[in-house]
Structures are given as C-alpha cells and as structure tokens.
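Line by line, the protein sequences give chains D and L. Take the first sequence: its position 318, counted from the start at 1, is 318 in this note's numbering, and no numbers get skipped. Take the second sequence: its position 97, counted from the start at 1, is 97 in this note's numbering, and no numbers get skipped.
What the hints contain is simulated information worked out from the structure, not anything from laboratory work. Careful: at least some of the hints might be erroneous.
As the list claims (entries may be wrong) - Just a few of them, taken from the derived set where beta-carbon distance is under 7 Å, the chain D residues facing chain L:
#	residue
1	S58
2	A60
3	A68
4	G72
Glycine included, each C-beta is placed from N, C-alpha and C at the ideal position.
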Amino acid sequence: MKRLILIGAALAAILAGPANAQSPNKLLNASYDVARELFVSVNEAYAAQHAGVTIDQSHAGTSRQARAIAEGLEADVVTFNQVTDIDFLVKNGFVSEDWQKDFANQSSPFYSLPSFLVRTGNPKNIKDWSDLVRDDVQVIFPNPKTSGNARYTYLAATAYAREAFGNDEAKVKEFIDKLFDNVPVFDTGGRAATTTFVEREIGDVLITFEAETRGIAKEFGEDKFEVVTPSVSLLAEFPVAIVDRVVDKRGSRDLAKSYLDFLYTPEGQKIAAEHGHRVNDETVAAEFKDQFPEVRLVTVEDVFGGWDKVQEEHFAAGGLLDQIYGER
Amino acid sequence: MTAPARNRPPRVGDSPAVRRTLITAVLAIGAVLVLAPLVVILTQAFSLGFSYFAETITAPDTRHAILLTVLTALIAVPVNTVFGIAAAWAITKFDFPGRRLLLIVAEIPFSISPIVAGVAYLFVYGLQGLFGQALQDADIKILFALPGIVLASMFVTAPFVARELIPLMQAQGRDLEEAATSLGASGWRTFFSVTLPNIRWALLYGVVLCNARVMGEFGAVSVVSGNIRGQTNTLPLHVELLYHDYNTVGAFAAASILTVLAIFTIIAKVLLERQGAGRGGRPALAAPNAIPAEKPQ
Chain D
1 MKRLILIGAA
11 LAAILAGPAN
21 AQSPNKLLNA
31 SYDVARELFV
41 SVNEAYAAQH
51 AGVTIDQSHA
61 GTSRQARAIA
71 EGLEADVVTF
81 NQVTDIDFLV
91 KNGFVSEDWQ
101 KDFANQSSPF
111 YSLPSFLVRT
121 GNPKNIKDWS
131 DLVRDDVQVI
141 FPNPKTSGNA
151 RYTYLAATAY
161 AREAFGNDEA
171 KVKEFIDKLF
181 DNVPVFDTGG
191 RAATTTFVER
201 EIGDVLITFE
211 AETRGIAKEF
221 GEDKFEVVTP
231 SVSLLAEFPV
241 AIVDRVVDKR
251 GSRDLAKSYL
261 DFLYTPEGQK
271 IAAEHGHRVN
281 DETVAAEFKD
291 QFPEVRLVTV
301 EDVFGGWDKV
311 QEEHFAAGGL
321 LDQIYGER
Chain L
1 MTAPARNRPP
11 RVGDSPAVRR
21 TLITAVLAIG
31 AVLVLAPLVV
41 ILTQAFSLGF
51 SYFAETITAP
61 DTRHAILLTV
71 LTALIAVPVN
81 TVFGIAAAWA
91 ITKFDFPGRR
101 LLLIVAEIPF
111 SISPIVAGVA
121 YLFVYGLQGL
131 FGQALQDADI
141 KILFALPGIV
151 LASMFVTAPF
161 VARELIPLMQ
171 AQGRDLEEAA
181 TSLGASGWRT
191 FFSVTLPNIR
201 WALLYGVVLC
211 NARVMGEFGA
221 VSVVSGNIRG
231 QTNTLPLHVE
241 LLYHDYNTVG
251 AFAAASILTV
261 LAIFTIIAKV
271 LLERQGAGRG
281 GRPALAAPNA
291 IPAEKPQ
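My request is simple: use the sequences and hints to build the entire structure.
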C-alpha cells in the first residue's frame, strides 16, 4: 500500500506540471447540478463578446461544490442555488463576508420559487397551497433533510400557513403535518422526485423550482404537464460570488467580475429567462411576462429571520422537521 | 447415465422437474437483473435515432470523458499490475513478519466503500487535510485533477491483480523458483522464465477485471474529481451529469459507451479463460505439489 501511494505521488508530481499552467483568460465556474444547459448558453454568449476567454464548468450539488472548493477545487466564481453554501465558503475564508453587496439584488442575478407541476387539465383542480392538504391529493417533493429543493418547498408551505393562520403555531404545524401525510414517498433529491412523479406516475402534484418545471416539461412532454403558480411562494435566490482566495492566487479577479457582471446585462438576463428563471431587468422581465405568472414572494429573512435561524429551528437534529417526521 | 444413479442415494436436481425449475428460475432472474437493464440502455440510447446518438457521443464533453476514462485506465491498470505482482510475490514466496498484515492491507479496498476511499483522499490531499497546504504552496495539484482521479481509481482496484495471483501462486508453491535459483538463475531470470509463464493467465485475468473496474468506478472518483466538464469528468460521472440535466437519452448514450467498453472486457476475459484452460497450465503445475515436499527437519 505504501508503495502504491509512493508511486501515485511520484506520478502525480509528474502530471501536476501542465495542469497548473493556466493563464488568466480561463475561468472555472462551480455551479449547481441542474444548471448545465443554462451555463452552456451563458458561456457561449460571454465568449462571443470576449475573444480568447474560456469558461470551464463544474456541476454538482452545491454543498458538495462548496466542500470541494474548501478542499482545493480552484473555482474562480461560484453560481449556486443556495445562499447557505456560500456562507460555508465565507466561514472558511474563501469568500469575503460582504459578498452579497458585490453585485446587485444581493448578488442574485436571477431567482425562482417553489411552484407546482400538475398533470394536464389539472384533474384535481390544484390552485394553491391549501389544496395540497386535501385528503384526495397526493403531493410529491423530496426529503427536506437531504434536498435543498425540498427545503424551499417546506419553508414556502410554512410561510403560506403562517399567513393563513395568523401565526397560530399549532395550526401551522397541523397544516404542515397534513401536507407531509399527503406525500406517499420521500425521495432523496429533486431528480428522483421528478422520476417518481413523471415516470412512476405517482402523485397529483410535483413541487419543485419553477425554473426546473420547464426542463421537466421539455424532457417528458410539453403536453403532459402544466405549471400552476401558487398565490404566494418563497423567493429562491441563485447567488453568485467571486472566490477571493482563488482569484487572488490566479490573478483572475477582473475576469471573474466581468463574467458575473455579464449575468446582469440584458443579454445575460434574457438567457436566464429563456432557461426558466425570473429576472430583475425590467425590459427582459416584460418580454417574458407570459411565462411567469404574478406571484407574491416572501423571503427567508422576512418570514424566518435568516438562514442561520432556519437551520437551527427547523432543520437541525431535533428541530421542527424532525418533530414532523417523528409523528408520521 | 441412469445405471450409476441407482447405486447412489438420490441427489437434489436428479428429478427433471427440479432441474427445469432451477434452470428457469436462474434464467428468469438473469433476464430481469442483467439482461433487461442492458436492453433498456441500448434501446434508450438510440430512442431518438442514430444521429442524435452520434451527436451525443461526439460532443466535446463526452469525447473528453471517454478519453479521460481510457487515460485513467492506461495509468492505473499498469501500476496496479506491478503492485499486484509484487504483493502476490512477496506474500507467497517469502516468509517475513507482517506477511499476513500485508495480505489484509492489500485486500482492504475490497471491503471499503469507494466513497470512503474518496473522502479519505480528501483528508490526505485536501486543503483542509494533511498535505493540502504544502501541496498548494508547491503548486502541485492532486485533487480535482487527473492525479486525484488516477489515485482514487488505483486505490479501489489495488487488490484485483493480487487477489487473482495469490491463490494460484500459493498452490504452485516455491519449488520451481527454488530449483531455478539453485541452478544459478538470477532473480529477474527466475521471474521472467519461471514465475511469469506460470501465472500469466491469472495475471491477465486480474488485469482485465482491474481495467473493468477502473473504467466503471464512480464513487471514489466522484469525490475527488471536482466534476469539471471537459477536464475531470470521467465517463461514469458524465452519465450522471447528463441524467441530472434531464438529458436521459444523452445519459443512456454515454452509458452505452461504458457498456460497450465493459462488453469488450468480458469478451477479453472469456478468450483468456479459454486460453488458460486450453493450455492445461494449472493442473500440470499443481502436480508437483501433490507429492509433499520433504521438509528439512
């Protein structure tokens, strides 16, 4: 075994040389797992404006990406779908503390929200969160313990219930209990939940990011599903940040900034909208108005007092979520 | 056929009904467990037509994933072959303290989940790990680059060659090598003229298995790869990426490439087994062992 490691280390040393010979006309963007097509389009458009620049892409669950960066993955920029995973990088000294001030809209160039996907014709007539606790409705979303996507669903439902019951905690809890009782199977991730809903044909409604419903309809048949936008939902930010430790080492800060700025330009915003994300640019938003029905969005900060608090109260061991599971 | 049967007590499987049931059951299970998924992979891969299939597998990212997977195998398999021979040789031909320990260490990767191996590499080479900072200061990249992928693959497949060789070399004993040495052959000469010809089929078999595993390895590699498209995405990781991307057909197309590589490996294995059997190598070599060697004292 020792010998194996020695040989490996020697080999690695030989191979490591050329891997480092990166010039600052290259960027690595570490992104979330289902963003591949979005960034293929973004990078093409960006490269068309900036000759000679290559953007490399890494895709995986963002918690894993954050972990990988902390272990040495040299990503110049991160484009995540979870604020908490950038906070992890802040705690480890890779991203500056006030990263949310570096770019507009709290460094979130586009956003989305938990939305409903129902089967064509909406046979169960599902219109809003209150329909999800009906006895005849089966709901599909993944396990909030393991899926970031489902955490948004859980929080959005809780936010709705708090408004509906005037913060009566007992009634809110009853609502969430009922909602969870209507979920026949908790998959570990968003993709698996989609398979359950689409291919195994279980459940009447799938809850996932609005941005993803488009991809699902495209892959599995536009005529088989329709999107239902609830009256209120939770703002899901797609935060971006420059990884200071990497850009300082590589001298790529300017390029990294220019790349993330591009996401805010009308062209970048249009690409994001075309891939199902809501954007803040007014002209582009107006252009895609039909695609994005009106919805009132609340934020984690406003309703729950920030992600740290959410983590502590809801998702930590013994938190509210565990209590709900305990009663099932 | 029936005459001797009368002279012995009946055995399970003597009755045609039992035999038929067993064979049907095995075939059915085989079809459900192995054949059906294989068929699905291939039919799905071509479900949007051949041109879409060709487009997917010639896309730069997929092409790179194939190349990276083959390159990883080209490095990891030879290294593990040398390691396997060395370990098997040391364990079976010499007595030394720690021999059993070496045997156990060499087999550890078999019993450890690959993901644990990947995470262990993170703890050794990662920035938060043992050597991470030193490696970064020296500008050496191991994780999230080819070296990390190769190392993780090597870890997982380290026992494959040794595992094939050890039982065979144990059965063969040390007599031939001792004879060669006593006749004045050097160590290398003994190895190339005596040991290697005796173990070559088992060795090739081990290499084939090792290769199959390196190409298919997902868990360990996924931890240390960094998933950079066109750079550190191996073929199994690429399959996952396409699948998560709602590109099911693309995922199956990439999976079918992996399947084809695996089928080549199996064909190679079958050919090797036939070769090995045809030479009758093993029984002849095992023969000297049948006469217990006279032990001095």
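So, going through the hints one by one against the coordinates:
Here the hint on S58 of chain D is kept, as its CB sits about 4 Å from the closest CB of chain L, short of 7 Å. Given hint, A60 of chain D at the interface with chain L, holds; its Cβ is 5 Å from that chain's nearest Cβ, closer than 7 Å. Checking A68 of chain D against chain L: minimum C-beta separation of about 6 Å stays under 7 Å; hint holds. This hint holds: G72 of chain D has a C-beta 4 Å from the nearest C-beta of chain L, less than the 7 Å allowed.
Hint violations for this structure: none, all hints satisfied.
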